[in-house]
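Here is what each chain is made of, one letter per residue.
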Amino acid sequence: MVLLEKLILGLAAGTIYGVMALSFVLIYRVGKIVNIAVGDMVLLGSYLIFAFSGLRLIGNPAMNLLLGLVMASFVGLIIAIATERFLMRPLYGQSILALIMMTVALGMILRGFTIVEWGTILRVFPGQHEVFPPVPLKVGVIEIPYVYIWSTVGSLIIFGSFLYLFRKTLFGFAMRAVSLNPEAAATHGISIKRIYTYTWMIGYVAAFLAGLVLGAINGINVTITYLGLARALPAALIGGLDSPGGAMLGGLLLGLIEHSIGTYLNMFIPGIRDIVPYIVLLIVLIVKPYGLFGTERIERV
Amino acid sequence: MSESRPCGVIKESYEKDMAFFEKPFHYFAIGILTAILLLVPYMLPEFYVNILMLIAIFGIAIMGLNLLTNAYLFSVMHAALMGVGAFTTAFISQQVPFYIAIPISGIMAALVSVFFGLPSLRIKVFYLLFSTTAAQFIIEWILNWLTRDIPGSAVYTSPIAIANHQFTMPEKYYLYLTITAILAYLIAHINRTPLGKAMVMMAEKDYAAQVQGVNLLKFKTLAFAISGFYAGVAGSLWSYLLGLVTPEHFPFLMSWELLGVGVIVGGLGSYVWGSILGSIMIIVVTQLTTIIVSALAPHLPWLGASAFGLRALMYGVIIALILILEPRGLASLLRKVKRYFDLWPFSY
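Residue numbers (my numbering), protein chains in the order written: chain F, 1 to 301; chain L, 1 to 348.
Okay, chain F solo, but in the shape it has when bound (with noise of 0.2 Å):
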């Protein structure tokens, strides 16, 4: 029964880990572009949703904590203009290195100005006890802490509704154009800046949603960055960089492996649940780079 508990944990919190490697792998299909920021990017989420349900502009808890989400996904919009206009296209054409390296200058602006901004205390959401209570929901003898049950929720619409823009509707399809070819797209009449900086737009909302979360999970402090980034990097790389449904089930499964094997490996060597991820990362880096749906690479002289 506990393992039952410990998986079904596991599933919960593996769909806000696909939400952040969705984050990670839709800038990296579209626009080529390895996102080393997107733990900055939870981090910048959480602070800005804790600063706009502060102020309490409705009484009712959840739905002031569902405004702060909105109101902060509309200032991630205004980021990712200025990220896609300001540092990447200048880059654009140059070596991945170079891109690489912007993206870390961007965690590094964006985590360096949340510090600035408010400090390293530990902080929790306004009313987040009244919206995520203490005392977790009982079925049977499974104990969910109600966090997992609305992270799920919200990460299965965020997740549904982006694979119904990409998949079925003409903007997904000028997408999925530009990330096979950029020029070919071009000719066809699809503005590739215009497309940029919408994956950058939804990679924020999707990263903001996983700060949500980790923020009412963990405590809002800088350390969700780490988390951010251990959590999305190997979900990610277990369904294929370049593949978003792929992205989802690399997060189900890395909540799987966490919260079972980890869990268990923490029994016997107190600590070593928080290095499991990278474990489990290294592991499939080795025996299978390209992730199960990620399209291999081939490389030509």
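Take these hints with a grain of salt, some might be off.
[What the hints assert, rightly or not] Calculated cross-link-like contacts (lysine-lysine; reagent style BS3-like; alpha-carbon spacing at most 30 Å):
| id | chain 1 | residue 1 | chain 2 | residue 2 |
| --- | --- | --- | --- | --- |
| 1 | F | Lys288 | L | Lys23 |
| 2 | L | Lys218 | F | Lys288 |
| 3 | F | Lys193 | L | Lys124 |
| 4 | L | Lys23 | L | Lys197 |
| 5 | L | Lys205 | F | Lys32 |
The hints are simulated quantities; they were obtained by calculation from the structure and are not laboratory data.
Got chain F sorted already, so can you dock chain L onto it with the hints?
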């Protein structure tokens, strides 16, 4: 060496083409620099000498990382490798003198580096960033685990000494300077060795290099080993400078500082001067933020805790600016100045 020279610079013999210092002026400049560095402890207060030693330490670590990055092998585990070196020194410094402890620390870090670098045979480019990210956190965790019984995880290092004679300030500084000079001299020559030539090919495309007869296993391992050795020596020197080490001294962020500020801002491919410039950048920004925050703290109390954040913010802005304005780093600015004066005053 590999750069094309402007017109007017004529090499008449192979000796001149291979010369380490191309012109008499370079001997003069190096001499002046050496004289200044030797005189520093007598002219400046100890605080600045300490900063110079820190610059030397980070410079050594960045030299190794610069070498690795130039072969298109990315690593963000170098802070952890410095940690391996520092902890090795801290653990054995009671038993053995420094001239044995420093190389042993370097070799330990080199072994760890090779172990985590071996996947580089199978995985490429940014996948290597992921695997070394994992390596950084795993090494950090292992260091924490090793020191779990020690209060505060702080391991003390005994001071540098030969036969009961403890090194005091100028001697310690000269020792650091000598080690840095030796390592810089060695790495400046690396492009003339088989490794350097293999690295140029590997950086372009390692498959192609393999077709041309480059033994990838050998040279990738060698690149990781040398890089790890430099990081280990840097960690060892750090350990002797501070007198104690904890795993918190070598966080993930420091790896990014080494790669981002040290290598990219300093100048990728410019092993000595680029690395030193990057190292100066890291130390100067660190000191600057400390000064700014301590100056502003009485007026703005909330700023007190965020020297760390201000530093990250400044690093981010600097990296972004350098990438947009001067992608080859500060060393290329230096090169441009040099090029200008090469042909001065008749540059046509």
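So, going through the hints one by one against the coordinates:
1. F/Lys288 - L/Lys23: Measuring from Cα to Cα gives roughly 52 Å; hence the hint is violated.
2. L/Lys218 - F/Lys288: 23 Å, holds
3. F/Lys193 - L/Lys124: Since the Cα atoms of F/Lys193 and L/Lys124 sit roughly 28 Å apart, the hinted pair holds (cutoff 30 Å).
4. L/Lys23 - L/Lys197: 24 Å, holds
5. L/Lys205 - F/Lys32: 19 Å, holds
Checked against the numbered hints above, the structure violates only hint 1.
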